[in-house]
Amino acid sequence: MRRLVAIIIAAWVSISASAAQSTQHETLHLHQRPSGRVTAHFAFAQSVAQSQAHALDDIARGFGIDEMALSFTQGTRCDSIATKVGCRPPGVVLWAWMRNNHSLSSVDTRWSALTNALAGTFCASLNFITPENSAEPQSSFTHSSVNSSLSSLRYASLPREITCTENLTPWSKLLPCSTKVNHLAHIKDRKMKPYCILGSKAGIASLFNAYAIYDADYHSMSVEVSRKCTSDTECTTEIRQDLVVALDPVRKGYQRNMDWSLQFLFGKEVAGSCPLNEIETNILVTLPKAEGFEFEGKVKPVYNDEKNAWVYSLELAKQFSMGVKYSDSKPDLSEKSKSTELIQIHRHLTGYGRERGGIKIRISNRDTKPRTVTLLEVLPWFIKLYMHTLQRTTYHITSQEVLSLSGEVVNQTLKYQPAIPRIRPSVIELTATLPGESITVFTFQFDRAFIKYTEHPPDANRGFDTGAAILTVHPASRTEKEYRLFSDVLLIALPTPDFSMPYNVITMSCTIVALYFGTVFNLIVKKLEGLDDSQLKKKWWMFWVKERSVLGKK
Amino acid sequence: MEVLAVLGVVIRLALVQRTDFARTLDQRVEVSTPVTSFKRMQEGVFLWRNNINPYEGGVFHQAPLLLALFHVLDDRMIPYLFILLDILVAKMLVEIAKHRALDLKNQTWRPFFPSKEEKEALLAHESAESKTVTKESGVKKSDPTIPTESALVPLFVGVVYLLNPLSIVTCLARSMLVFNTAAVVTGVYFAVKGRQVYSMFFLALASYVSMYPVMFVLPCSMLIAKSLKVKIWPNIIFEQPFSASPVSFLLFATFTIALLGVSNVLMGSWDFLESTYGVILLVPDLQPNTGLWWYIFIEMFDQFRLFFLLVFQVFVVAFVLPLSLKFREHPLFVVAVFGIIIATFKSYPAVGDVAAYIPFVFMYQELFKYMKNLYIITHLGFSTCILLPLFYNLWIYAGSGNANFFYAITLIVGVAQVLLLGDFIGAMVRREWERGEGYAFRGRRIEVMLK
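Chains A and B supply the protein sequences, listed in that same order.
Mapping the first sequence onto my numbering, position 76 (from 1) lands on 76, and the numbers just tick up by one.
Add 1000 to a position in the second sequence, counting from 1, and you land on the number used in my numbering.
Just to be clear, a hint being listed does not mean it is correct.
Said to hold, decoys possible - Dumping the calculated DMTMM-like pairs for lysine to aspartate or glutamate here, alpha-carbon to alpha-carbon at most 25 Å:
id: 1; chain 1: A; residue 1: K84; chain 2: A; residue 2: D488
id: 2; chain 1: A; residue 1: K289; chain 2: A; residue 2: D232
id: 3; chain 1: A; residue 1: K84; chain 2: A; residue 2: D367
id: 4; chain 1: A; residue 1: K415; chain 2: B; residue 2: E1274
id: 5; chain 1: B; residue 1: K1229; chain 2: B; residue 2: D1020
id: 6; chain 1: A; residue 1: K84; chain 2: A; residue 2: D215
id: 7; chain 1: A; residue 1: K415; chain 2: A; residue 2: D108
id: 8; chain 1: A; residue 1: K452; chain 2: A; residue 2: D215
id: 9; chain 1: A; residue 1: K526; chain 2: B; residue 2: E1366
id: 10; chain 1: B; residue 1: K1039; chain 2: B; residue 2: D1271
id: 11; chain 1: A; residue 1: K527; chain 2: B; residue 2: E1366
id: 12; chain 1: A; residue 1: K452; chain 2: B; residue 2: D1302
id: 13; chain 1: A; residue 1: K481; chain 2: A; residue 2: D79
id: 14; chain 1: A; residue 1: K415; chain 2: B; residue 2: E1095
id: 15; chain 1: B; residue 1: K1039; chain 2: B; residue 2: D1075
id: 16; chain 1: A; residue 1: K252; chain 2: A; residue 2: D305
id: 17; chain 1: A; residue 1: K360; chain 2: B; residue 2: D1020
id: 18; chain 1: A; residue 1: K452; chain 2: B; residue 2: E1056
id: 19; chain 1: A; residue 1: K173; chain 2: A; residue 2: D328
id: 20; chain 1: A; residue 1: K527; chain 2: B; residue 2: E1432
id: 21; chain 1: A; residue 1: K527; chain 2: B; residue 2: E1437
id: 22; chain 1: A; residue 1: K526; chain 2: B; residue 2: E1437
id: 23; chain 1: A; residue 1: K268; chain 2: A; residue 2: D305
id: 24; chain 1: B; residue 1: K1372; chain 2: A; residue 2: E529
id: 25; chain 1: B; residue 1: K1193; chain 2: B; residue 2: D1302
id: 26; chain 1: A; residue 1: K452; chain 2: B; residue 2: E1274
id: 27; chain 1: A; residue 1: K84; chain 2: A; residue 2: E224
id: 28; chain 1: B; residue 1: K1369; chain 2: A; residue 2: D79
id: 29; chain 1: A; residue 1: K481; chain 2: A; residue 2: D305
id: 30; chain 1: B; residue 1: K1091; chain 2: B; residue 2: E1366
id: 31; chain 1: A; residue 1: K252; chain 2: A; residue 2: D79
id: 32; chain 1: A; residue 1: K360; chain 2: A; residue 2: E401
id: 33; chain 1: A; residue 1: K527; chain 2: B; residue 2: D1302
id: 34; chain 1: A; residue 1: K307; chain 2: A; residue 2: E482
id: 35; chain 1: A; residue 1: K300; chain 2: A; residue 2: D328
id: 36; chain 1: A; residue 1: K415; chain 2: B; residue 2: E1437
id: 37; chain 1: A; residue 1: K360; chain 2: A; residue 2: D305
id: 38; chain 1: A; residue 1: K526; chain 2: B; residue 2: E1432
id: 39; chain 1: A; residue 1: K173; chain 2: A; residue 2: D108
id: 40; chain 1: A; residue 1: K526; chain 2: B; residue 2: D1074
The hints are simulated quantities; they were obtained by calculation from the structure and are not laboratory data.
Based on the sequences and whatever the hints tell you, model everything.
This is the structure we're talking about:
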């Protein structure tokens, strides 16, 4: 929050100082937990003014976007304490507020154009976002800065999209300090280190080593774009890029201890700060212990009480490396990943077999006050929901006693948009008040549709991933901000046909139809006639048939 | 016999207390289909009560008037309503069977005198005035070649329906098919009684619920014509002011339009057409059932989908006119045959469709002795009843089988029903032939050829 304010102020200052300059900001926060896991959060912020060029600014301007968020995530072992941007569900999540009146085309047309443009920008299969999996949530993603009467929201997720280097490379090109150092060298400093000139990034982005990042337990790469206009012509686009990587030095090292260094975690060092103006490059380190460790490296950090972290300020074109060595480096593995979050969501499937099923969503509220939340479920059309089976049970968090709901707590609104096969998904938005210190369980049933054999993915028996449910926690007071939680992704196996059968089935089924047609047609058209002796003459092979007395010709 | 009928009702009443049993049955694909499932009806009612258009989504595909009915009905009453409908169906079937028994009694056989001289005389007579002889009536009770029929016991037909496990499970699963069966049977009942307006109203209702009963309009108008002793179709326009079929068609169309109009007023739009009849016609929901459609349209190549949809739908109605013309003397038989055709070839068949036509087949029990494959058909019927749920479980739950297991059994269901259809029509053709033209071959094991 504080950082955001700082950025905004900085942006404002920069705009007022010189409109032609963009403001940048980059921070790396390394947060180690007692278990030894280090969550590295790379945060980049920039503000692009009207006169400047940036790929994302182009997209935002071209498609009339007020606000947009896109994330690529993989892995589930996200540490919610160490991550300030929150944990995101696996795959791709995209939502955008788009202005209703735009000279070019309707919101839906622009939404599909946007997904295609982003697909090109990030080298990802975002073009698989179609009306079939896009939703228009009504009460989730509400944001104070966007006027919902002038803009429309679109949301989609691709839970199966795998993120890799091919997405990281275009993403890092959008960074404020993405330009290759050798390109900037003549402007700033002609005495760059040779390997910098060979083409790595400057600033904290020089730590991006695909081998290290994609070896992590969890990594999430995101872009948030918001566009604000002070007048019709004066608009700035603020771009925030975050990369969260959960690394485990205990797992990585042979000694199985908590000691780590940048070189050890990323296999690289920081190539100095970003050689552009108005840049502040900081590295923050939060450690699980208050003492019993020492920092390695030439530069020593300063402890910042406010940020609760050790702070390094990077200098231009100066190789930077650091590390932490503990006197007792045994990790405290007994520490459970106990979340301090007040509200938690967990979702799982119920039932067995490939025909019917149910979804159970468990939301716990550890707060003493009642909280209002909105649950958003976007489920594909082949999950046929039975909303009349929606049930809610609320019980106390410790005593497990079922609470009878009364008063303001009982209000619960359901907005439900049924799915249309092959056209749109089902969208459930359930706004409910959770009593203080309670667990609320929602359940509902569904049928798995039998779909055409061409609609199955190549590995049909693996099943379909369905996007995470999103829990929007509405602010309890004015000082608080609305925030979102993501549930687990579900893997739903649909009944599969035999994929090698098309010809056989057509042949066999049509045989029955032909049998029916032939039989009935014969019986209708032909007449009966008794056979006379000559026609009934015993054939040579009918030796076992007795001679029969036959009446003569009729 | 009465005891058995009561037993059928008692079984229903006893099992209806077990709500979990009903729920399990409702979830069986053999019993309830996307267009008849009670769970989907509940979902539709839920959506409607929450001001969401139930026809917008891909779950609810049932008629608006049924939706309104279940919206109004109290939940505790619903299972008893289905039992009541089943009793009503059985009652109507008994009434139809009474009519049929009378019809059977009055059937005339061309006399046949077994002595050689007489036969020769008859043949000579026949060659002299070839066709007039067949018109000759008057049954000689002593004629030994006329088969002695065991009389049709009307109540037995009702018992066949009430004690049929297939109709019991359909009733307990609260499948909307019961409404369809009830409307069709009531329509046929009124047709037999010659009540044209009522008959057409109930047929319109049945077609409104599930579309395919529209096929019954022609045989029912023939039944009406037979019972009112008027012509089916006017020979020359205005020659005869009243003939059954045009009036029936007009009434049927009026009632259908009225029902659709009421539905439109109720729902406020025509959206329901696409979600009810559109689903029956275009088969977008490929949930397995006992029919042939689901697997072929799961496996169908996209570019041929429309073609095969058309072919399959055309085959259902292809024989409406030919069969009605061929058996114009026996409209009730045509009803039975259409029942079999619909149960085999409709887009979402279930075991309830089989349960609906079996009593009609039993009304023609005199044909059984002409049927060659009855033994095989019966056995196929029993074995598929066991294998359908078994193989479905292997595929969906155990995972030790695949879709082909279940598909193979639905194929056998198809084969069995086509065999029954062929045998049933063949038996009727043979019997009719023996009654008239083929009198000389009566009661003998003789080779007969179709030419």
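*Quick check: which numbered hints come out false for this structure?*
2, 5, 8, 14, 16, 19, 23, 25, 28, 33, 36, 37, 39, 40
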